[in-house]
Amino acid sequence: MAKATFEVPELSQYLDVPPVTPQTMAHSKPFVAKPEFQAPLGFPGELMDDWQEKALDKMGELLGKYRSLRVYLDSCVKCGSCTDKCHYYLGTKDPKNMPVGRQDLMRKVYRRYFTLAGKLFPKLVGAEDFTKDVLDDWYSYFHQCSQCRRCSVFCPYGIDTAEISMAAREIMDSIGVGQKYCNEIIGKVYTIGNNLGLPGPALRDTLEGLEEDVFDETGVAVRYPIDQVGADILLVTPSADFFAEPHVDGLIGYGKVFHEAGVTWTLSSHASEAANFGMFIGSYDNMRRVAQRIREAAIELKVKRIVFGECGHAWRVAYSFLNTLAGPWDFLDPRYPVPQHICEFTYNLIQEGKLTFDKGENDDKVLTYHDSCNVARASRMGDTPGGQFEIPRAIIRATCNHFYDMDEDTIRDRTFCCGGGGGLLTDDLMELRVKGAKPRVEALNNVMLEKGVTHMAAICAICKSQFTKVLPYYGMEMDQIVSLHQLVSNAIVLTPSLDGEDDEDDEEEAEEAA
Amino acid sequence: MSFLTTVYAYLYYFAALVLLAGVTFKVVQYARTPAPLKIPTTPAPTTKAGVVLRMTREVVLFESLFRGNKWTWIFGWIFHFGLFLVTLRHLRYFMEPVWLPIELVQPFGIYGGMAMVVGLAGLWARRFFVDRVRYISSPSDHLILALLIAIGCTGLLMTFVFHTDVVAVKSFFIGLYSFDPPPLPGDPLLLLHLFLVAALMIIFPYSKLLHAPGLFFSPSRNQVDNPREQRHIAPWAKRLEQE
Numbered sequence: 001m002a003k004a005t006f007e008v009p010e011l012s013q014y015l016d017v018p019p020v021t022p023q024t025m026a027h028s029k030p031f032v033a034k035p036e037f038q039a040p041l042g043f044p045g046e047l048m049d050d051w052q053e054k055a056l057d058k059m060g061e062l063l064g065k066y067r068s069l070r071v072y073l074d075s076c077v078k079c080g081s082c083t084d085k086c087h088y089y090l091g092t093k094d095p096k097n098m099p100v101g102r103q104d105l106m107r108k109v110y111r112r113y114f115t116l117a118g119k120l121f122p123k124l125v126g127a128e129d130f131t132k133d134v135l136d137d138w139y140s141y142f143h144q145c146s147q148c149r150r151c152s153v154f155c156p157y158g159i160d161t162a163e164i165s166m167a168a169r170e171i172m173d174s175i176g177v178g179q180k181y182c183n184e185i186i187g188k189v190y191t192i193g194n195n196l197g198l199p200g201p202a203l204r205d206t207l208e209g210l211e212e213d214v215f216d217e218t219g220v221a222v223r224y225p226i227d228q229v230g231a232d233i234l235l236v237t238p239s240a241d242f243f244a245e246p247h248v249d250g251l252i253g254y255g256k257v258f259h260e261a262g263v264t265w266t267l268s269s270h271a272s273e274a275a276n277f278g279m280f281i282g283s284y285d286n287m288r289r290v291a292q293r294i295r296e297a298a299i300e301l302k303v304k305r306i307v308f309g310e311c312g313h314a315w316r317v318a319y320s321f322l323n324t325l326a327g328p329w330d331f332l333d334p335r336y337p338v339p340q341h342i343c344e345f346t347y348n349l350i351q352e353g354k355l356t357f358d359k360g361e362n363d364d365k366v367l368t369y370h371d372s373c374n375v376a377r378a379s380r381m382g383d384t385p386g387g388q389f390e391i392p393r394a395i396i397r398a399t400c401n402h403f404y405d406m407d408e409d410t411i412r413d414r415t416f417c418c419g420g421g422g423g424l425l426t427d428d429l430m431e432l433r434v435k436g437a438k439p440r441v442e443a444l445n446n447v448m449l450e451k452g453v454t455h456m457a458a459i460c461a462i463c464k465s466q467f468t469k470v471l472p473y474y475g476m477e478m479d480q481i482v483s484l485h486q487l488v489s490n491a492i493v494l495t496p497s498l499d500g501e502d503d504e505d506d507e508e509e510a511e512e513a514a
Numbered sequence: 001m002s003f004l005t006t007v008y009a010y011l012y013y014f015a016a017l018v019l020l021a022g023v024t025f026k027v028v029q030y031a032r033t034p035a036p037l038k039i040p041t042t043p044a045p046t047t048k049a050g051v052v053l054r055m056t057r058e059v060v061l062f063e064s065l066f067r068g069n070k071w072t073w074i075f076g077w078i079f080h081f082g083l084f085l086v087t088l089r090h091l092r093y094f095m096e097p098v099w100l101p102i103e104l105v106q107p108f109g110i111y112g113g114m115a116m117v118v119g120l121a122g123l124w125a126r127r128f129f130v131d132r133v134r135y136i137s138s139p140s141d142h143l144i145l146a147l148l149i150a151i152g153c154t155g156l157l158m159t160f161v162f163h164t165d166v167v168a169v170k171s172f173f174i175g176l177y178s179f180d181p182p183p184l185p186g187d188p189l190l191l192l193h194l195f196l197v198a199a200l201m202i203i204f205p206y207s208k209l210l211h212a213p214g215l216f217f218s219p220s221r222n223q224v225d226n227p228r229e230q231r232h233i234a235p236w237a238k239r240l241e242q243e
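In order, the protein sequences belong to chains E and U. Reminder that position 228 of the first sequence reads as 228 in UniProt numbering, one-by-one numbering, no gaps. Reminder that position 186 of the second sequence reads as 186 in UniProt numbering, one-by-one numbering, no gaps.
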């Protein structure tokens, strides 16, 4: 078990709601972004002298720009339906991690300065001045929200804490209080092209290595092309897929699926990242700027379709916002939705009978499936509502013999966050990440005990990274988390390629294009 | 006009004005504020008709609350449905002649009054007995519950114990339309009941009671899930594209 400087919660068989224990997580704060990480995003370097006035101005601006914020700050009746729904509350007992408790950090300031009742009778309606203490609370607790939107499922008015967390982070960024992890990463996307800061040559190297590995293992020349002008499909995937286990196994799987589909495809060194951390910091401008890279890459590479790899919030931004942020996409092939998810792509091929699987290749595993929150509650796959739940499960069933779902209350739109989403996947928040993972790990543990489950598949890079890191705290193995397309990769029966020997020509083309 | 009648006449003109103007202002404000991104909580309907159905289930059945917390749902739904029946029953004071459906609903309105108080009592009890709900309750949350319970109780008392001259009450309210109301009966219970109702009308647009119009404007509930098919762009975001 990994070492912890905090108490790792004990797992129980039933979800128990802890008693309210104030301030247990007040100390949890991510590192503050230094001026050099703030500047590229257009934010002031450090806390401004007249921060309060500036913050309230920004809040007023956002209230006029986002109907969600305005309506959500007004509508809460404190019914309590959300209070036991947040994985961070369940794992930390801190009432400011109850969705309503978190929202109230902003709501009390909103009431004080933007409502008549709060101006006249602050105590009565729970309004408070925007003091430095309140700002400190904002920094702590708005960075303890993974924007997973589980609370919005159970709220009678659909109040979405993610919208409020995003607004709070944008307000804090606008007065110079940024979070290092997110802002540094967005900067890397602007300068290098992806979150991990992998330059083009490193990507090409990795992909060549993958081609060799897959050839050695299967005897089939599966291609992993980058910057290939004129390919049918542009694949945009999180940079983790180039880099680490279990992510890279997923990337290997995508390549095998494309190979079997007989389509040409390419990655792009310009848009070598599907993630869009602009969403985490609530910044429309930055989210738009990050999204525009994909448009530029699609135009440059003259592709006909765009497919996204496995990543939760990237798929939310892609599915729900890409058309808004970087559209219209009328230059692409209108027969396909823009963008498509790799699971939709694989599922369609399975439906058409174009993929052959040897399910026995996954017989060393008994699988369960983790619905990633942004996919489950903020996006869709296929044509019908809920396709995002059914399509990944259908792929698992097609590629594996042993699959069991976790408890109904913890999957599909009621799924529990991995605990690392929303820009919190940073070592300085490890205590929060471990505690926040508790409800999900509990459900996993139960299905391990009851059904003999050995592995959990996921389709989100953050989920995969988070579980790899936190499962050991709970006495589990880091490799129990697998990429869904890793299962596809294991089971898929490859057709030997006819053009297996033209590798060198393609490389030259790739270099010319880059 | 007696002093009391004058005071109540002005009180109700004022309350009606505040309620109408206040709620109209908020509704216009909500409607005018753009929703720049599609954020429906999924699985969400992919058609407008589907959204109407989803909203109807939320408004009539409190579907999300049902999934969230059964106790709050039971008490909340009993209270709101009771309030709905009571409101229908009270419409007879404001119309002449009384429509048939309103006549038919009269006996149910009384049960509605009882249900309303029971539901409110349950909701209030939760504010004391559930530590999480106690933590999030501010004085105004208790006061609004107290106000609504007091309205319910004074109403029920007039129905069952201290009857008032309802014909005179009705004449007063009909008289308000022509700015010449006949005298209001001086029963303390009636005056208290009417005062509390006016207070409720006045605080409505400034309080959490805005959840009523707010629900209809909630983007996570009222948006169609079709962002790939249709481009959705707010006016302020469109301006960014022209820069």
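One or more of the hints may lead you astray.
To be verified - Some chain U residues well away from chain E (every beta-carbon gap over 12 Å; in silico): (1) VAL130; (2) VAL167; (3) TRP236.
Unchecked claim - The calculated BS3-like cross-link candidates involving lysine-lysine, where the alpha carbons are at most 25 Å apart (straight line), are: (4) U:LYS170 x E:LYS65; (5) E:LYS58 x U:LYS48; (6) E:LYS54 x E:LYS132; (7) U:LYS70 x E:LYS58.
To be verified - Stretches of chain U that chain E covers, calculated by requiring three or more beta carbons in the stretch to come under 8 Å of a beta carbon on chain E: (8) 105-111; (9) 153-159; (10) 169-183.
FYI, nobody ran anything at the bench for these hints, they're computed from the structure. We put the CB at the ideal spot given by N, CA and C, even for glycine.
Each hint, compared with the structure:
| no. | hint | in the structure |
| --- | --- | --- |
| 1 | VAL130 | 7 Å, violated |
| 2 | VAL167 | 37 Å, holds |
| 3 | TRP236 | 6 Å, violated |
| 4 | U:LYS170 x E:LYS65 | 46 Å, violated |
| 5 | E:LYS58 x U:LYS48 | 33 Å, violated |
| 6 | E:LYS54 x E:LYS132 | 13 Å, holds |
| 7 | U:LYS70 x E:LYS58 | 39 Å, violated |
| 8 | 105-111 | violated (count 0) |
| 9 | 153-159 | violated (count 0) |
| 10 | 169-183 | violated (count 0) |
In summary, the numbered hints that this structure violates are 1, 3, 4, 5, 7, 8, 9 and 10.
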